[in-house]
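The listed protein sequences correspond, in order, to chains A and B. Start counting at 1 in the first sequence, then tack on 4, and there's your number in the working numbering. Start counting at 1 in the second sequence, then tack on 406, and there's your number in the working numbering.
Hint data in this document are derived by calculation from the structure and do not stem from the laboratory. You may find that some hints are simply not true.
The list that follows gives simulated cross-link-like pairs (lysine-lysine, DSS-like), each with its CA atoms no further than 25 angstroms apart [claimed, not checked]:
(1) K588/B - K536/B
(2) K587/B - K532/B
(3) K587/B - K6/A
(4) K536/B - K472/B
(5) K532/B - K590/B
(6) K6/A - K590/B
(7) K588/B - K6/A
(8) K588/B - K532/B
(9) K590/B - K536/B
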Amino acid sequence: MKCTEVQELIIDLTPLSGERPSNAALEQHLQECVSCRRVAERYSSALYELAGERQLTNDPFFYDRIIKKMNDGQSVAVRKLWSSKEYYQLGRALAGFAAAVLLGIWLGSRVIAPLVTTPAVKENYSAEKQESYEQEIDYGSEALARLEYYFFDDANQEKK
Amino acid sequence: MTDSELISGLSSGNPEAGRLLVERFQQQVINVCIGLLHNRFDAEDVAQDVFIEAMRNAHRFRGESKISTWLYRIAVNRSLNYLRNNKRQKLMVEIGSVFGLFEGETIRDSREPATNFNQLEAEELKRILKTAIDSLPENQKVAFTLNKFEELSYNEIAEVMETSLSAVESLIHRAKRNLQKKLKHYFNP
Ligand SMILES: [Zn+2]
Numbered sequence: 005m006k007c008t009e010v011q012e013l014i015i016d017l018t019p020l021s022g023e024r025p026s027n028a029a030l031e032q033h034l035q036e037c038v039s040c041r042r043v044a045e046r047y048s049s050a051l052y053e054l055a056g057e058r059q060l061t062n063d064p065f066f067y068d069r070i071i072k073k074m075n076d077g078q079s080v081a082v083r084k085l086w087s088s089k090e091y092y093q094l095g096r097a098l099a100g101f102a103a104a105v106l107l108g109i110w111l112g113s114r115v116i117a118p119l120v121t122t123p124a125v126k127e128n129y130s131a132e133k134q135e136s137y138e139q140e141i142d143y144g145s146e147a148l149a150r151l152e153y154y155f156f157d158d159a160n161q162e163k164k
Numbered sequence: 407m408t409d410s411e412l413i414s415g416l417s418s419g420n421p422e423a424g425r426l427l428v429e430r431f432q433q434q435v436i437n438v439c440i441g442l443l444h445n446r447f448d449a450e451d452v453a454q455d456v457f458i459e460a461m462r463n464a465h466r467f468r469g470e471s472k473i474s475t476w477l478y479r480i481a482v483n484r485s486l487n488y489l490r491n492n493k494r495q496k497l498m499v500e501i502g503s504v505f506g507l508f509e510g511e512t513i514r515d516s517r518e519p520a521t522n523f524n525q526l527e528a529e530e531l532k533r534i535l536k537t538a539i540d541s542l543p544e545n546q547k548v549a550f551t552l553n554k555f556e557e558l559s560y561n562e563i564a565e566v567m568e569t570s571l572s573a574v575e576s577l578i579h580r581a582k583r584n585l586q587k588k589l590k591h592y593f594n595p
């Protein structure tokens, strides 16, 4: 067996932990070849160390972190399925949004609009006032006409 | 809860099913991410995304493979995407491959007239192996990691990678050959 083949076999057979499964040809070569023996020792050590980075127990808070990440970063449609707090949180967010919109409208009409659009409002205001005066005059004329009708036309009709 | 009960629970948004999925497969998912990313913090971050994707797409799981195979597939894809998008890591790998695997202090250390294994720290050996695995072509790295660290059979790896059994055999064979070439100078100075 060539050293190259033996070293590939070492990579193949060395386990993450514990003993390497027995292979007669490999063991024979390792007994005779210092280089391959050195590779085998070092590879085994490196693999063991690398395997030590693995997580071997469950993290009990991992699920909670996933849900938190979902809540922080995912769409409402996705979160809705996965958290019982969803509806409450969504409702609170919508209520806040609605309150902000109403406050915006109120502020807009009471504070900002008069400042920004003062001339237009005044023009409209006086136009409205004028229109209402005209309506009052119309009503006055109509009332007079009705009185004339009752007092004079009826009298005329009776004469007839 | 069986696999199919778990999936139907996930599809209907049952939080208990989500919790059970994470409890049952947490280590496998995190470990495959660690195996590909070699960074605990990044691996946990990606593993969280793996479970989020699994919960979102549980209704698409057709039950043709085991849940673990499906999760491994998501974990591999997400880890590879993470590596592709992580410019810093990508740059490190590229620098490593441009200059030959272990240029720099590792070469100085390993080419010193060290006569024995004890002169190299175990940590350093680990770093050399990690760099060697990282410098493998992507598919070889995935197949080798799933086989060596997750101890998946070639058939399972073929399912995870959505490829043929012979392709997996070839990938792992080439991975071992490449590792042997990369490691021989450094493990046998
Ligand atoms: Zn040899």
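Would you mind confirming whether the straight-line C-alpha gap from K587/B to K532/B stays at or under 25 angstroms? 17 angstroms, holds
Checking one constraint from the list: CA of K588/B to CA of K6/A, max 25 angstroms. Satisfied? Cα-Cα ~17 angstroms, so holds.
25 angstroms Cα cutoff - pair K590/B, K536/B: 14 angstroms, holds
CA of K588/B to CA of K532/B, is that 25 angstroms or under? 14 angstroms, holds
Check the hint pairing K536/B with K472/B against an upper bound of 25 angstroms on the C-alpha distance. Roughly 29 angstroms between the alpha carbons, so the hint for K536/B and K472/B is violated.
K588/B and K536/B: Cα distance at most 25 angstroms? OK: K588/B and K536/B at ~11 angstroms, within 25 angstroms.
Given pair status - K6/A, K587/B, alpha carbons within 25 angstroms: 14 angstroms, holds
Is the hinted pair K6/A and K590/B satisfied, with a Cα-Cα distance of at most 25 angstroms? 13 angstroms, holds
Taken at face value, is the distance from the CA of K590/B to the CA of K532/B at most 25 angstroms? Roughly 14 angstroms between the alpha carbons, so the hint for K532/B and K590/B holds.
When held up to the earlier numbered hints, the structure conflicts with hint 4 and nothing else.
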